[in-house]
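*Asks:* All chains should be built: construct the whole structure from the sequences, respecting the hints.
Under full-length UniProt numbering, the first residue of the sequence shown is numbered 1, with each subsequent residue one higher.
Simulated from the structure, these hints should not be mistaken for lab results.
Heads up, a few of these hints could be off.
Claimed, not checked - Each computed EDC-like pair below joins lysine to aspartate or glutamate, with the alpha-carbon atoms no more than 16 Å apart:
id, residue 1, residue 2
1, Lys105, Glu177
2, Lys105, Glu161
3, Lys121, Glu161
4, Lys115, Asp176
5, Lys96, Glu186
6, Lys162, Glu124
7, Lys126, Glu159
8, Lys134, Asp176
9, Lys148, Glu161
10, Lys134, Glu154
11, Lys173, Glu114
12, Lys173, Glu112
13, Lys173, Glu117
14, Lys147, Glu137
15, Lys115, Glu177
Here the structure is a predicted model, which means the values were calculated and not measured.
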Amino acid sequence: MLLLLITIKISNKLCTFSLQMEHSETVCRYCGVSYLIFHEFHQLHSQLALQEAELQELRETVQREKAQREALELGRLEWERGLRMDLQRQAEAKEKNIRDELEEKTRALRDEFEKTERKRKEVEEKYEKISEDKERELRSMEVESLKKQREELERRAKEREKVLTGALQMANKNLDEQRKYLQQLEER
1 MLLLLITIKI
11 SNKLCTFSLQ
21 MEHSETVCRY
31 CGVSYLIFHE
41 FHQLHSQLAL
51 QEAELQELRE
61 TVQREKAQRE
71 ALELGRLEWE
81 RGLRMDLQRQ
91 AEAKEKNIRD
101 ELEEKTRALR
111 DEFEKTERKR
121 KEVEEKYEKI
131 SEDKERELRS
141 MEVESLKKQR
151 EELERRAKER
161 EKVLTGALQM
171 ANKNLDEQRK
181 YLQQLEER
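*Replies:* This is how it looks when you write it as C-alpha cells:
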C-alpha cells in the first residue's frame, strides 16, 4: 500500500523533493517517503524500464525473424514454382525433340519404303521385258534350236526368278520390318 502511494506520488511528481533526497537522508521531510523505499522503487523502476526495452527489442527481433521467415517462405515458394516451370519447359522441349526425331525417322522409313518399291517394280519390268524379248526370239528360231533355247531360257529364268524372288523376299522382309518399326514409332 505504501509502495503504491509512493509510486503515485513519484509518478505524478507530487513530491519533487523526494527525488532530490541525499543518500544520508532516510525520510523525505515534506512527504515522509522513506529513502530506502524510494531508492528501491527507483531501482525497480529502472530495471522495469530496462526489461521493457529488452522486451521491446525482443518483440522487434521476433517481428524481424517472422518477416524473414515469411520472406524465406515466399522465396522458397517462388523458387519451387520457378523450378517446376523450368522442369516443365525442359520436359516439353525434350518431348518436342523426341517427336521431331520420330517424325524424321518416319519420313526416312517412308522414303526407304518407296525407294524399295520402285526398285522392285523396275526389276519386275526388266524381267517382263526380257521374257517378252526371249519369247519373240524363240518364235523366230527353228524348232530344235527353239527347244534348246527355251530350255536354256527357262533355266536362266528360274535362276533369275530365284535371284529375283530372293531379292523380292528380302525387299518384302525389309518392307515388313520398316512397317513394323514405323508402326512402333507411331504408337510411341
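*Asks:* Work down the list of hints and note, for each, if the structure agrees.
*Replies:* Hints, one by one, checked against the model:
no.	hint	in the structure
1	Lys105 / Glu177	14 Å, holds
2	Lys105 / Glu161	33 Å, violated
3	Lys121 / Glu161	14 Å, holds
4	Lys115 / Asp176	14 Å, holds
5	Lys96 / Glu186	14 Å, holds
6	Lys162 / Glu124	13 Å, holds
7	Lys126 / Glu159	15 Å, holds
8	Lys134 / Asp176	34 Å, violated
9	Lys148 / Glu161	19 Å, violated
10	Lys134 / Glu154	10 Å, holds
11	Lys173 / Glu114	14 Å, holds
12	Lys173 / Glu112	13 Å, holds
13	Lys173 / Glu117	12 Å, holds
14	Lys147 / Glu137	12 Å, holds
15	Lys115 / Glu177	15 Å, holds
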